[in-house]
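Protein chains: 6
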Amino acid sequence: MPIVRVEMWPGRTHAQKQELARVITEAVVNIAQTTPEATIVIFQEVAKESWAQGGVLASDASK
Amino acid sequence: MPIVRVEMWPGRTHAQKQELARVITEAVVNIAQTTPEATIVIFQEVAKESWAQGGVLASDASK
Amino acid sequence: MPIVRVEMWPGRTHAQKQELARVITEAVVNIAQTTPEATIVIFQEVAKESWAQGGVLASDASK
Amino acid sequence: MPIVRVEMWPGRTHAQKQELARVITEAVVNIAQTTPEATIVIFQEVAKESWAQGGVLASDASK
Amino acid sequence: MPIVRVEMWPGRTHAQKQELARVITEAVVNIAQTTPEATIVIFQEVAKESWAQGGVLASDASK
Amino acid sequence: MPIVRVEMWPGRTHAQKQELARVITEAVVNIAQTTPEATIVIFQEVAKESWAQGGVLASDASK
Chain C
1 MPIVRVEMWP
11 GRTHAQKQEL
21 ARVITEAVVN
31 IAQTTPEATI
41 VIFQEVAKES
51 WAQGGVLASD
61 ASK
Chain E
1 MPIVRVEMWP
11 GRTHAQKQEL
21 ARVITEAVVN
31 IAQTTPEATI
41 VIFQEVAKES
51 WAQGGVLASD
61 ASK
Chain H
1 MPIVRVEMWP
11 GRTHAQKQEL
21 ARVITEAVVN
31 IAQTTPEATI
41 VIFQEVAKES
51 WAQGGVLASD
61 ASK
Chain D
1 MPIVRVEMWP
11 GRTHAQKQEL
21 ARVITEAVVN
31 IAQTTPEATI
41 VIFQEVAKES
51 WAQGGVLASD
61 ASK
Chain U
1 MPIVRVEMWP
11 GRTHAQKQEL
21 ARVITEAVVN
31 IAQTTPEATI
41 VIFQEVAKES
51 WAQGGVLASD
61 ASK
Chain V
1 MPIVRVEMWP
11 GRTHAQKQEL
21 ARVITEAVVN
31 IAQTTPEATI
41 VIFQEVAKES
51 WAQGGVLASD
61 ASK
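Protein chains in written order, with this note's numbering: chain C, 1 to 63; chain E, 1 to 63; chain H, 1 to 63; chain D, 1 to 63; chain U, 1 to 63; chain V, 1 to 63.
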């Protein structure tokens, strides 16, 4: 604890995930006063075909 | 907000997801009195090999 | 399966949840071709103090 | 209900998932006093590239 | 990792959660070959008013 | 999108959630190249009675 879960569209590089994990962990440790070892960050990719806003799939909206 | 998440087995077509997103968004907007723009729908597929009921994986149960 | 999860702000009545459950289940059954008995709908309330967009908590934004 | 969700790294075999589903369902039924039919177990694999502890992705940490 | 999440209706005692955590952790460690320290179990209660099957809230169905 | 979900023990103040939301959103916008408006942060508190590591509830472990 804490567990941070980041849902985003595919396409982020390994380097971007590395930096996100590092910066989010740092923020959580400093602000929520926990330890890095206790902080887990999980990335979950959601395809644009599987994500809708306003009732329209993002894969259709971006056309 | 609201965020609606639909977990289901693979196999639904793009057209089915389009219609599900449209109809669920409409229902949430009308009944929960929010706006379409504020309503997110996310589909997550769970393979039958990764889903069990009664202690048996669905991939085994359907044999 | 399917499992539908609706995250929304508190304040919806029992009657609204009843109707949301009924209409969402009907949509899922008709469009994704499953049975009502196999369809689970779960409501999760998220307080405005625990939800941020644009980096601002909704409880602050609505002031 | 109950719904049990197991997030783990990839690499577990079908046989391991079968046994996990069986044993977890048995535990939940006996301890939480429910029925096997009401108990759902879902497995979700998270790649080591998408999981960080201590601010470091598991795919980097295990190097 | 692994992270196990158990969603269930309210009403389970502290002792039941203790035993569920112990037995599920043991099962995951033995079957998925991980360590107890790496295994997290989270319980989430869902009220019967917030859970529907067959389009009917469990709080209405049990009447 | 992205949706960031932070699960942590209760006890963080409104000010800590404000700062977490602000800093995490900033990190996600800068690193994952999205907009603040598209970035949602949700906080979910998990009681120590409902969270176990090593098979022991955190409420028992901290005794």
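Source of the hints: derived by calculation from the structure; they are not laboratory data.
It cannot be assumed that every hint is accurate.
No farther apart than 25 Å at their CA atoms in a straight line, the calculated lysine-lysine pairs in the DSS-like style are these [said to hold, decoys possible]:
(1) K48(V) with K48(U)
(2) K48(D) with K48(C)
(3) K48(C) with K48(E)
(4) K48(H) with K48(V)
(5) K48(U) with K48(H)
(6) K48(E) with K48(D)
Listing some non-contacts, in silico: residues in chain C with all C-beta distances to chain D over 10 Å [unchecked claim]:
(7) W9
(8) G11
(9) A21
(10) T25
(11) E45
(12) V46
(13) E49
(14) V56
(15) A58
By construction, the Cβ of each residue, glycine as well, lies at the ideal position given by its N, Cα and C atoms.
*Okay, which hints does this one fail, numbers in order?*
Hints 9, 10 and 11 contradicted; others consistent.
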